Amino acid sequence: MSGENGKNGKNGRNLDTVEHAARTPDTEQPWAELGLKRDEYDRVREILGRRPTGAELAMYSVMWSEHCSYKSSKVHLKQFGDKAPHSDALLVGIGEQAGVVDVGQGYAVTFKVESHNHPSYVEPYQGAATGIGGIVRDIIAMGARPVAVMDPLRFGAADHPDTKRVLPGVVAGIGGYGNCLGLPNIGGEVVFDSCYQGNPLVNALCVGVMKHEDIHLAKAAGTGNKVILYGARTGGDGIGGASILASETFDSEKPSKRPAVQVGDPFQEKLLIECTLEAFHAGLVTGIQDLGAAGLSCATSELASNGSGGMRVELDDVPLRDSSLSPEEILMSESQERMCAVVEPGKVADFLAICEKWEVTATVIGEVTDGERLEIYWHGERVVDVDPRTVAHEGPVYERPYARPGWQDALQADDPARLPRPADGKELRAAVLALLSSPNQAAKSWITDQYDRYVLGDTVLAPPEDGGMIRIDAETGLGVALATDGNGRYAKLDPYEGARLALAEAYRNVAATGARPLAVTDCLNFGSPEDPAAMWQFAEACRGLADACHQLGTPVTGGNVSLYNQTGEAAVHPTPVVGVLGVIDDVARRTPMAFRDEGQLIYLLGDTAEEFGGSAWSQVAHGHLGGTPPRVDLERERLLGEILIAASRDGMADAAHDISDGGLVQALAESCLRGGKGARIVVPDGADPFVFLFSESQGRALVAIPRSEEVRFTDMCAARGMPAARIGVVDGGSLDVQGQFALPLSELRAAHESTIPELFG
Amino acid sequence: MTTRIGVVTFPGSLDDRDARRAVALAGGEPVALWHRDRDLHQVDAVVLPGGFSYGDYLRCGAIARFSPVMESVIGQARAGMPVLGICNGFQVLCESHLLPGALTRNDHLHFVCRDQRLRVENAATPWTRDYAAGEEITVPLKNGEGGYIADERTLDELESEGRVVFRYLGVNPNGSHRDIAGITNEAGNVVGLMPHPEHAVEPLTGPTTDGLGFFTSVLENYLVSNA
Amino acid sequence: MARVVVDVMLKPEILDPQGQAVQRALPRLGFGGIADVRQGKRFELELEGPVDDAALAGVRELAETFLANTVIENFTVRVEESEGASA
Amino acid sequence: MARVVVDVMLKPEILDPQGQAVQRALPRLGFGGIADVRQGKRFELELEGPVDDAALAGVRELAETFLANTVIENFTVRVEESEGASA
Ligand SMILES: Nc1ncnc2c1ncn2[C@@H]1O[C@H](COP(=O)(O)OP(=O)(O)O)[C@@H](O)[C@H]1O
Ligand SMILES: [Mg+2]
Numbered sequence: 001m002s003g004e005n006g007k008n009g010k011n012g013r014n015l016d017t018v019e020h021a022a023r024t025p026d027t028e029q030p031w032a033e034l035g036l037k038r039d040e041y042d043r044v045r046e047i048l049g050r051r052p053t054g055a056e057l058a059m060y061s062v063m064w065s066e067h068c069s070y071k072s073s074k075v076h077l078k079q080f081g082d083k084a085p086h087s088d089a090l091l092v093g094i095g096e097q098a099g100v101v102d103v104g105q106g107y108a109v110t111f112k113v114e115s116h117n118h119p120s121y122v123e124p125y126q127g128a129a130t131g132i133g134g135i136v137r138d139i140i141a142m143g144a145r146p147v148a149v150m151d152p153l154r155f156g157a158a159d160h161p162d163t164k165r166v167l168p169g170v171v172a173g174i175g176g177y178g179n180c181l182g183l184p185n186i187g188g189e190v191v192f193d194s195c196y197q198g199n200p201l202v203n204a205l206c207v208g209v210m211k212h213e214d215i216h217l218a219k220a221a222g223t224g225n226k227v228i229l230y231g232a233r234t235g236g237d238g239i240g241g242a243s244i245l246a247s248e249t250f251d252s253e254k255p256s257k258r259p260a261v262q263v264g265d266p267f268q269e270k271l272l273i274e275c276t277l278e279a280f281h282a283g284l285v286t287g288i289q290d291l292g293a294a295g296l297s298c299a300t301s302e303l304a305s306n307g308s309g310g311m312r313v314e315l316d317d318v319p320l321r322d323s324s325l326s327p328e329e330i331l332m333s334e335s336q337e338r339m340c341a342v343v344e345p346g347k348v349a350d351f352l353a354i355c356e357k358w359e360v361t362a363t364v365i366g367e368v369t370d371g372e373r374l375e376i377y378w379h380g381e382r383v384v385d386v387d388p389r390t391v392a393h394e395g396p397v398y399e400r401p402y403a404r405p406g407w408q409d410a411l412q413a414d415d416p417a418r419l420p421r422p423a424d425g426k427e428l429r430a431a432v433l434a435l436l437s438s439p440n441q442a443a444k445s446w447i448t449d450q451y452d453r454y455v456l457g458d459t460v461l462a463p464p465e466d467g468g469m470i471r472i473d474a475e476t477g478l479g480v481a482l483a484t485d486g487n488g489r490y491a492k493l494d495p496y497e498g499a500r501l502a503l504a505e506a507y508r509n510v511a512a513t514g515a516r517p518l519a520v521t522d523c524l525n526f527g528s529p530e531d532p533a534a535m536w537q538f539a540e541a542c543r544g545l546a547d548a549c550h551q552l553g554t555p556v557t558g559g560n561v562s563l564y565n566q567t568g569e570a571a572v573h574p575t576p577v578v579g580v581l582g583v584i585d586d587v588a589r590r591t592p593m594a595f596r597d598e599g600q601l602i603y604l605l606g607d608t609a610e611e612f613g614g615s616a617w618s619q620v621a622h623g624h625l626g627g628t629p630p631r632v633d634l635e636r637e638r639l640l641g642e643i644l645i646a647a648s649r650d651g652m653a654d655a656a657h658d659i660s661d662g663g664l665v666q667a668l669a670e671s672c673l674r675g676g677k678g679a680r681i682v683v684p685d686g687a688d689p690f691v692f693l694f695s696e697s698q699g700r701a702l703v704a705i706p707r708s709e710e711v712r713f714t715d716m717c718a719a720r721g722m723p724a725a726r727i728g729v730v731d732g733g734s735l736d737v738q739g740q741f742a743l744p745l746s747e748l749r750a751a752h753e754s755t756i757p758e759l760f761g
Numbered sequence: 001m002t003t004r005i006g007v008v009t010f011p012g013s014l015d016d017r018d019a020r021r022a023v024a025l026a027g028g029e030p031v032a033l034w035h036r037d038r039d040l041h042q043v044d045a046v047v048l049p050g051g052f053s054y055g056d057y058l059r060c061g062a063i064a065r066f067s068p069v070m071e072s073v074i075g076q077a078r079a080g081m082p083v084l085g086i087c088n089g090f091q092v093l094c095e096s097h098l099l100p101g102a103l104t105r106n107d108h109l110h111f112v113c114r115d116q117r118l119r120v121e122n123a124a125t126p127w128t129r130d131y132a133a134g135e136e137i138t139v140p141l142k143n144g145e146g147g148y149i150a151d152e153r154t155l156d157e158l159e160s161e162g163r164v165v166f167r168y169l170g171v172n173p174n175g176s177h178r179d180i181a182g183i184t185n186e187a188g189n190v191v192g193l194m195p196h197p198e199h200a201v202e203p204l205t206g207p208t209t210d211g212l213g214f215f216t217s218v219l220e221n222y223l224v225s226n227a
Numbered sequence: 001m002a003r004v005v006v007d008v009m010l011k012p013e014i015l016d017p018q019g020q021a022v023q024r025a026l027p028r029l030g031f032g033g034i035a036d037v038r039q040g041k042r043f044e045l046e047l048e049g050p051v052d053d054a055a056l057a058g059v060r061e062l063a064e065t066f067l068a069n070t071v072i073e074n075f076t077v078r079v080e081e082s083e084g085a086s087a
Numbered sequence: 001m002a003r004v005v006v007d008v009m010l011k012p013e014i015l016d017p018q019g020q021a022v023q024r025a026l027p028r029l030g031f032g033g034i035a036d037v038r039q040g041k042r043f044e045l046e047l048e049g050p051v052d053d054a055a056l057a058g059v060r061e062l063a064e065t066f067l068a069n070t071v072i073e074n075f076t077v078r079v080e081e082s083e084g085a086s087a
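Chains A, B, C and D, in that order, are what the protein sequence lines are. Numbered according to the UniProt record's numbering, the first sequence spans residues 1 to 761. Numbered according to the UniProt record's numbering, the second sequence spans residues 1 to 227. Numbered according to the UniProt record's numbering, the third sequence spans residues 1 to 87. Numbered according to the UniProt record's numbering, the fourth sequence spans residues 1 to 87.
Think of the hints as simulated: they come from the structure by calculation, not from any bench. Where hints are given, some of them may not hold.
[Claimed, not checked] In silico EDC-like links for lysine to aspartate or glutamate, alpha-carbon gap of 20 Å or less: (1) LYS11(D) with GLU152(B); (2) LYS11(C) with ASP36(D); (3) LYS41(C) with ASP52(D); (4) LYS74(A) with GLU610(A); (5) LYS11(D) with GLU61(C); (6) LYS11(D) with ASP151(B); (7) LYS41(D) with GLU80(C); (8) LYS11(C) with GLU44(D); (9) LYS41(C) with ASP53(D); (10) LYS41(C) with GLU48(D); (11) LYS11(D) with ASP36(C); (12) LYS41(D) with ASP36(C); (13) LYS11(D) with GLU71(B).
No experiment lies behind these values; they were computed from the predicted model shown.
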C-alpha cells in the first residue's frame, strides 16, 4: 500500500478516515494488488455509497478472497447442507467454525480438517506448524478441549530433491507444534505423486471434546459487552498471508506473491487452550472467535455479524509487537496464537485474571454496540464504518464455468487390463516386495514416530492402525475413532467416484476399529477455479461426496476448500480428503489390526473383482494411471461396517484391517508385521492369484477370528448376506501364499520399513 | 493415611495430568502443584512431569528451574524428599544441578516416540523399589532432546556408585552416553529419566503396565520410612 | 585453518518466540535493564583453504540457500580473526 | 540503546549433531572445502542503559547462569559496535 490510503503519519495527518474517503472519491486505491477484481471493488463502493477507506479496503479484500469467502466453491458446497442426511447426532451443523456431534453420555465432539498447503511449500516447518495451530484454535473456539490431531499429507515424487526439503520440514513442523501443544497425533496419510511437486498438500485435523452445555458459538450478542483480544501481540508477519497465498497460483515471475509466512509459538497456544477453557468453565464467555486467516478483519466482522448488534473497536488498544504498523496492517495481520472473546462488563475482571494466571496478554479493544455497524477507530478517528455482514457473509459468489476436460475420455479408455502382469509365483513374490517397498505403500513409521501419540494418556489406537481412537471417558470407556482418506489417482480418473471412494475408505477404516461412523469433515484440494476443467473436478467431487454422505447417513459437519493448487497449467490431482468420526461405547472393545495369535482364522469379507484402474500396483509396476476407479457400493460398505462393529461389540474378532490401496496382499502384510506373526493363505478355487492379491475392489476387509467364534461369526455374515471366505490361518514366520510364494516376515519387514528412512533419514 | 504425591504444573507441562492419574492408579493421592506457588502443600514426594515447560525455548528445563515452586523442590530434595523427574522433569533436575550432566539434542536430530525397552539397574531408590535389579521393562519414550551426556569422570562416578538407574536396551534412541536412560543423585532420593513410566500404567493406553512400579514404589517408601 | 562465522537471525518483523521466552524470564531472575532479546543461530565454519573472496562467496551462497531460510531469516557472514588465531 | 551479543557454543569435546548434519549435507549441495561446522546460539540483547562495566558484568552473569549451560557450553559476551550504531 502506498500514498494517501496506506500510510498514516505518526500524528495521523494522512489518515484515511471515513470522512476523508467520502470527500475524496477519486483517490486511486490498490484494490488489484490486494486481489480484488474490478467489479468486486465497484461492489464495495456501492455497498458503502462511497469509496472504502484504506482500512476498509484491507478488510474487504482479505474477507472476499477465495480463502475466506469461498466465492468459487459456495454454490457447490451448498449440497452438503441440502443433501445432508438426517442425523440425531448433529448438534451444530455446517457453517460454524466446526460442527459438533453428540456422542452420548452428555458428551459432544467437534472436529475439522483444514489445509495449509501454500505456506508449507514456502516454509515447510512453519507452514505446517501454523497449520496445526490454526485448526486447534478452531476447536478451542467451539468451547472444546482439543484431544488429538491428524495430518493428511501429499508430496511430490519421493525421490525429487525438493521433496527432501519439503517433507522433513513439514513433518518436523507438525511434530514440533503438536508435540509441544500436548496433543497426540493419531493418524493421517502420506502420499507421493509428482503432481504435487510444486503444490504439496498439508492438511491438518483436530478433534475436541466437550460437554453439551459447553458448546459456544462465535457471536457478539449483548450491547455493552466487551471485546477482548488475547494471546500473542500483533506483528507485521504474514500480512494477508494465508488468504492471499491460498488464493493465487504460484508464479515464479511474481516473487512478491510470497509474503513472509508466520512463525508459530506452540507454547503460547498451549496457554491459550488452558486459559480459554478455564474462562469457558467459569461461565465468563458470551462469544468467542479464533484469529486465523484475515486476522482481526475476520474476527471482528464475523463476531459482529453473527450477533444482534454492532461493534466498536479501538485499534490503538491492540497490543503490538511492532509499533510502526498501520491500521490496515493491524487489521490484516495474521500473527498466530490470538483469540477474541466477547465478555459481559461485569465479568471482564475475572476473565483478565484468568489470562494473567496463564501469563497471556489480554486487552479490551472494543465493545458491542446497539447499532448495526462495525466501527473501527485509530487515534480517535473512524477508519472503518461498515455493515459487518457485507464483509463477512455477503461477499461475491461466482458460478464459475466448468466443463468435463477433453482428455477425460482418453484417460478412462486407457484400461490397465492391457498391462503385463506377474505370471507365476516367483513374479508375484517380486511384485509384492516391489509394492510394499514403494514409497506410497511403505511403512510411515519414520514419520509417525516423530509425533507424540501417548500424551494425555487416552490414546487407544494410533498409527499404523486403521483409525486413531481416543478414550473420552475413563469411567465408561466411551471413545471416538477417526480416519482420513483420499485417493487423488481415483479422483483424477473420476472425481465423482473419487469423492465417494474417499468417504467409503475412511468409513471402512473407522468401522474396522469397531467404532460406528457418525459424521464427516472434508478438505477439498483442487486446482484453479478459473480453469473449467479443475472447476468441473471440484463440482463433481462435491456432488459425489454429498451423495455419498446422504447414502451412508453421515453428514458433513465442516471442512475446508483449498483451490489454486496449481503450478502454471499443471494442477494437482483432484484430492478430496475425507475425515470420518465414529463413536465406540467402550474402547476396551476396539479391534486392532495385528495378527497376534497363531491359529486365528483369517477371513476375507466382501467380493473381489478385477479392478486395477488407479491401483497401487499399476503405479508401482508400470507408472500407469488410466481406466476407471474401482466400483463403490455404499450399501455394501454400510453392511461391512455393521459386521465389523458387531464383531467388535460381541468380541468375535481379534483383529480387523480394511482393504484399500495395494489390495489384499498389502493388508495381509501389514497385519502380519504389526503382530509379528505370519499367515498361511490359500487362493480360493478358481480365483486368479494376481487379482486375488492385488485388486482394489472396495467394500472388503480382513478379519482374524478365534476358532471358538468361527460359527457365530460366519452365521452372522450369512444371515446378513455378507460374503465371507476363510482364506487362511495365522501361522509361522512368513506370509505364505500356498502354491505361489512364501515371504519371511524379516524380508517383508526390511522391504516395507526401510524405504522412507532411506529416502529421508 | 495415603501418600501425598505432588505433581508440578509449569506453563507448558503436558504430562502432568497423566502423572496424577498414575499416582492415583497406584493408590497414592495426587496433589497438583502450581509453578508460581512456593508452597508444596505437605506432599511426601514430588513428580516433575514431561512437557515443554515455558516452551523449552532456551534449553529444555532452563527456565522452569527458576520458578518459585522449584526453590522449594530444590530445598526439599536436598533434605531427602523423593523427587522424580520424567523427561522434561529430568531436564529441569539437571538444569537445577540436583542431578549431574545434561540432556542434549538427540543425535539423529528428530523427535522420537517409541516403546522403549529398559533395564532397571538400581532397584534401591524410592522410585524403583518395586522392581528387581536387572529387570527389563518397556515404557514409552518421546523426546527431542534426550541425549544424556556428562564428562567421563562423572560417568565413571555414576557407574561406580550405582547411580545409573535405567539403561536403554536394544536401541539407544538418542545417543545417550553409555546408554543411560536415568540416574539418581548421591543420596538416592532424586531420580530423573527420559522415558515415560506414567504412560505405561493401563493396558488400554500404554504398551505395558510396567510403569506403575514407579508410583507404587514411592508409597512403600513412605510407609517404610514412617514405620 | 580459518574460521568463518555465519550468524542467522529471524527478520525483525518475524515473531521470535525463543527470544521472547528468555526476555519474559529475566525479571524473575532478577535481571533488569534489558529492553529486547532476540535469539538466533551461529554457525562456525572451518575452511580448509584460504579465506579469499571466492571462499567467502561460497559461504555466502551456502548461507543463503541452506543455513538461513531467507523467507524468515537474515544472515551475516564474517571472518573471525582473533579467536581463529588463538585456537 | 546498545546491543550486547552473547554467543553460546557447545564445548569442543561435546558432540554437535546439528553441526555435523550441516557438514554431512555440504557435498550433496556442492560445497567443498569446509573441514568442520559447529552450530550454536546467538543472543542479541538490547540494553536500556549504557554498556558500562557494570552492565557487562550483569550480562556475563546472565550468560553464565542462564543463557548457557556451562556443563556443556561455552559463551562469549561482546558489545556490537557497528550495527548497534547504525540501528
Ligand atoms: N502423516 C501421517 N500422520 C500420522 N499418521 C499417519 C500419517 N501417514 C500415515 N499415517 C498412519 O499410518 C497408517 C497407515 O496409513 P495408510 O496406509 O494411509 O492407511 P489406510 O490405507 O488404511 O488409510 C494409518 O494408521 C495412518 O493413520
Ligand atoms: Mg486402513
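Results of checking the hints against the structure:
1. LYS11(D) with GLU152(B): 14 Å, holds
2. LYS11(C) with ASP36(D): 27 Å, violated
3. LYS41(C) with ASP52(D): Cα-Cα ~26 Å, so violated.
4. LYS74(A) with GLU610(A): 38 Å, violated
5. LYS11(D) with GLU61(C): 27 Å, violated
6. LYS11(D) with ASP151(B): 11 Å, holds
7. LYS41(D) with GLU80(C): Holds, because 16 Å separates the two Cα atoms, which is no more than 20 Å.
8. LYS11(C) with GLU44(D): 13 Å, holds
9. LYS41(C) with ASP53(D): It is violated: about 26 Å lies between the C-alpha atoms, which goes past 20 Å.
10. LYS41(C) with GLU48(D): 24 Å, violated
11. LYS11(D) with ASP36(C): Between LYS11(D) and ASP36(C) the Cα gap is close to 27 Å, so the pair fails against 20 Å, i.e. violated.
12. LYS41(D) with ASP36(C): Measuring from Cα to Cα gives roughly 16 Å; hence the hint holds.
13. LYS11(D) with GLU71(B): Distance ~29 Å between LYS11(D) and GLU71(B) Cα, so the pair is violated.
Violated hints, in rising order: 2, 3, 4, 5, 9, 10, 11 and 13; the structure is consistent with all others.
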